[in-house]
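Q: Here are the chains, one letter per residue:
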Amino acid sequence: MHGFYIYAITAILLFCLGLWGLAFHRNLLRKIVALNVMAGGVFLFFISIANPDQSGEVDPVPQAMVLTGIVVAISLTAFALCLARRIHEKTGQNELDTSCSIEDGDG
Amino acid sequence: MESLLVLVPLAAAMGSFLAPGRGIASWGFLTSLAIPALAAGTAMDVYQHGARRISLGGWAEPLGIHLHMDGLSVIFLIMTALVGALISIYSAFFFKRDTARHFWPLWLLMWAALNSLFMVSDIFNAYVVLELVTICAAALAVLSGKTESLQAGLRYLMVAMAGSLAFLLGVGFLYAETGMLDMFMLSWELQGGPVAAAAFGLMTTGLVMKSALLPFHFWLPPAHGEAPAPVSALLSALVIKGSFFLLLRLWVGVFEPAGITSHAAYVLGCLGVLAVLWGSYQALIQPRLKLIIAYSSVAQVGYLFLMFPLLCTVPEAPWAEKAWAGGTYQAISHGLAKAALFLAAGNLILSTGTDRIHYMKNIASRLPMTTFTLGLAGISLMGLPPSGGFVAKWMFMQAILESGQWWWAVAPVLGGLLTAGYVFRILGYAFLLAEKEPRMLPVPFVLEKIPLILALCSILIGFRAEEIIFLLQEHMLWAIEVEGDS
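Here the protein sequences line up with chains A and B, keeping their order.
According to the working numbering, the first sequence is numbered sequentially starting from 1.
According to the working numbering, the second sequence is numbered sequentially starting from 1.
Warning: the hint list may mix true and false statements.
To be verified - No farther apart than 25 angstroms at their CA atoms in a straight line, the calculated lysine-lysine pairs in the PhoX-like style are these:
| no. | chain 1 | residue 1 | chain 2 | residue 2 |
| --- | --- | --- | --- | --- |
| 1 | A | Lys90 | B | Lys96 |
| 2 | B | Lys96 | B | Lys146 |
| 3 | B | Lys449 | B | Lys146 |
| 4 | A | Lys90 | B | Lys146 |
| 5 | B | Lys449 | B | Lys361 |
Derived by calculation from the structure, the hints in this document are not laboratory data.
Keep in mind it's a predicted model, so treat the numbers as computed, not measured.
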């Protein structure tokens, strides 16, 4: 039972750490890494609930869900990296424009 | 037949991806012919025989993937079919060839994902299709490739991904607590308790982030405002409704029976009221047409969240049926009216070459049809009779008064006034005479008619309240005992 709590609590901490990074880092690459830390936390949680009482029997369903989740996270990360690179090419910046130019735009 | 609702757009998406030739739009045409017919067939079936579910591949309850159809899902399916088909026809005439090559596969894939979202019956597949919708929507939002739209799209993608991860962690909590994923089995099994409450909080927060409720609305106006007109229409009319649908289904189906919703429901209601007021106020002061419409989406989404305090605080409330009808009507009529507004705005931008409403003078005499469309869609948003928006607000008001929670009435009353303010602001410029006649390009016939049809639909659904209320009655929702196998 102890092992389960260690994994589960670490998973939640990783999730919170990633969320913090996503909210407070300005660099896009860091934000994307932070999202992946969040995802890692979620996946660790799923793995930890597959075998909560450390017995020989392991529930395969959470593991299947983790596999699907990893595929989703990879494709989203790839897409986000792609967008971040395009933004860097166009503006030379690695940050999102917070003072968003939507107020003025073109004349 | 129900699985075809997912299969047809999916196949068409693959087709348009692999054969991006001259006739790429024909994939969209074929789909927009097939889906409304299939959705109407499914709706008739549910209308006559009640809710049903299908086990895909013949796999039974705990392991298999199911499609679940009840009154709520067919209403959303029909709305998506109607809006999607009309926007597809508009897009076929709107996009140039190089953009069309990217637009069609993404939109058709998103259509397949939305259709399966409205029929989803277990929480993990809900996560997967929600992600499919998100990634397609973000890719569509950056279709123009301009810097502003890239930044808006990336911000949307990151917010949505964080929301989905919170949702997924909630799925993990529910699985750890109950060992099951099927929503309809969960609705019987789930008891209250800290783990269930944590799952509830995580899933609600995740979905609220994706539905752009007030504190998380910041990504919506730039993402919807910078996208091409048909994409803005799709994002505002359909994508937001997807995550809202899932939220509604989880609250009413899973968490309300477990008795953990009542306090959170007031919070969502308050945020909804604030969203109505703040979104409408922002819409009043925006200088650009598409941003006015995008902020109006923030406000209109706020109305939807009034459902929760009315539905989820008192068990077996006698006004529940009216709250259901109000919320569903708000979702449909907003979908139709907002799609009409964004497409009409697209026509204006096409014709005048600018997005700023100061330059849109004297359009009433040049583009009377588009001005009429703006007016009609505005009537539905304001909630004037006999439009669909009127039925929504009327039902909400009745439910609010019956429940005695009179303070929610602020939103429909003040919100309606503020909506009138920004709609008349657009129309006011339309009727102003310009000092010197601006140069205006003609708008093709189809592009003018499609938004008009959408706006007319948003008015006309006000007359069909009876069928929709019947579809929402208790025995049409959650009736698992009627089990069909395909």
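Q: Would you mind marking each hint as holding or not holding in the structure?
A: Hint check results:
The hinted pair formed by lysine 90 (chain A) and lysine 96 (chain B) meets the criterion: a straight-line CA distance of about 23 angstroms does not exceed 25 angstroms. Among the hinted pairs, lysine 96 (chain B) with lysine 146 (chain B) is consistent with the structure: their alpha-carbon atoms are about 16 angstroms apart, no more than 25 angstroms. Our distance criterion of 25 angstroms between C-alpha atoms is broken by lysine 449 (chain B) and lysine 146 (chain B), whose separation comes to about 28 angstroms. Pair hint lysine 90 (chain A) plus lysine 146 (chain B) holds up; C-alpha atoms about 9 angstroms apart against a cutoff of 25 angstroms.
Under the criterion of a C-alpha separation no larger than 25 angstroms, the hint pairing lysine 449 (chain B) with lysine 361 (chain B) is consistent with the structure, at around 21 angstroms.
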